[in-house]
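Colleague: Below are the chains, spelled out letter by letter.
Number of protein chains: 2
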Amino acid sequence: MALLSFLFPPKAKSATAAKERLQIIIARERGGRQGQGYDFLPALHKELIEVISKYTKVNADDIKISLDRQGNLEVLDVNVVLPDADAP
Amino acid sequence: MALLSFLFPPKAKSATAAKERLQIIIARERGGRQGQGYDFLPALHKELIEVISKYTKVNADDIKISLDRQGNLEVLDVNVVLPDADAP
Numbered sequence: 001m002a003l004l005s006f007l008f009p010p011k012a013k014s015a016t017a018a019k020e021r022l023q024i025i026i027a028r029e030r031g032g033r034q035g036q037g038y039d040f041l042p043a044l045h046k047e048l049i050e051v052i053s054k055y056t057k058v059n060a061d062d063i064k065i066s067l068d069r070q071g072n073l074e075v076l077d078v079n080v081v082l083p084d085a086d087a088p
Numbered sequence: 101m102a103l104l105s106f107l108f109p110p111k112a113k114s115a116t117a118a119k120e121r122l123q124i125i126i127a128r129e130r131g132g133r134q135g136q137g138y139d140f141l142p143a144l145h146k147e148l149i150e151v152i153s154k155y156t157k158v159n160a161d162d163i164k165i166s167l168d169r170q171g172n173l174e175v176l177d178v179n180v181v182l183p184d185a186d187a188p
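Keeping their order, the protein sequence lines are chains H and S. FYI, the numbering for the first sequence is 1 to 88, going by the numbering used here. FYI, the numbering for the second sequence is 101 to 188, going by the numbering used here.
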């Protein structure tokens, strides 16, 4: 589980330290033919947020998204700070 | 992007080497109160596969899933080998 050390950027020492956090990483490695195939990551991430909102409250401004491309690899990284269970 | 070295297990030297691959990692770090909150990762992953199938063909037997728990961290790791674009 060395991957764990890469998950969740180091916590801010502020009130968010004890908050529940969710991170979703979607990595797509394209096969041999460069640039082939429809680029669905941006559309995919929008639907993922909708699916997650069914299970837990998510505030749009608590979501940080980054999309990186390197060679034939694309990585979508979504970080969500979840509101406290008893928050209004 | 050191995270990249953790994505995608090393490729088998077989025909799947040039295949398109998708990896989804969902990590949930629970807040201070241990064991609080509904455990939605298993249900979430099922819906994620449905969302992904809207964008690209996915064969159920090409999906490898692992769910690890360590302290207040849960990591769902979904690896999908996508069929060739021109596969029947």
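No lab work stands behind these hints: they were computed from the structure. Keep in mind that a hint or two might mislead.
Covered stretches of chain S, going by a simulated chain H footprint (3 or more residues, C-beta under 8 Å) [as the list claims (entries may be wrong)]:
| # | stretch |
| --- | --- |
| 1 | 146-153 |
| 2 | 161-168 |
Quick list of in silico lysine-lysine cross-link-like pairs, DSSO-like style, CA-CA up to 30 Å [stated by the list, open to error]:
| # | chain 1 | residue 1 | chain 2 | residue 2 |
| --- | --- | --- | --- | --- |
| 3 | S | K154 | H | K57 |
| 4 | S | K119 | H | K19 |
| 5 | S | K164 | S | K154 |
| 6 | S | K119 | H | K57 |
Ranges of calculated distance between the beta carbons of each label pair, as one might list FRET restraints [what the hints assert, rightly or not]:
| # | chain 1 | residue 1 | chain 2 | residue 2 | range |
| --- | --- | --- | --- | --- | --- |
| 7 | H | I63 | S | A143 | 32 to 42 Å |
| 8 | H | K64 | S | Y155 | 36 to 46 Å |
| 9 | S | D184 | H | P83 | 16 to 26 Å |
Note that the Cβ used here is the ideal one computed from N, Cα and C, for glycine as well.
Colleague: Look at each hint and say if it fits the structure.
Modeller: Evaluated hints:
Given as covered by chain H, the stretch 146-153 of chain S passes the check, having 4 residues with a CB less than 8 Å from a CB of that chain where 3 are the minimum. Check on the stretch 161-168 of chain S: 1 of its residues sit with their Cβ under 8 Å from a Cβ of chain H, so the three-residue criterion for coverage is violated. Annotation: proposed proximity of K154/S to K57/H holds, straight-line Cα distance about 24 Å (limit 30 Å). The straight-line distance between the Cα atoms of K119/S and K19/H is roughly 39 Å, outside the 30 Å bound, and the hint therefore fails.
A threshold of 30 Å between alpha carbons decides the hint, and for K164/S with K154/S the separation of about 19 Å falls inside it, so the pair holds. Restraint check: the Cα-Cα separation between K119/S and K57/H comes to about 36 Å, which exceeds 30 Å; the hinted pair is violated. The supplied range of 32 to 42 Å is broken by I63/H and A143/S, whose beta-carbon atoms lie about 20 Å from each other. Range check, K64/H to Y155/S: about 23 Å between beta-carbon atoms, so the 36 to 46 Å window is missed.
Distance hint check for D184/S and P83/H: the Cβ-Cβ separation is about 43 Å, which falls outside the suggested range of 16 to 26 Å.
This entry does not satisfy hints 2, 4, 6, 7, 8 and 9, going by the numbered hints stated previously.
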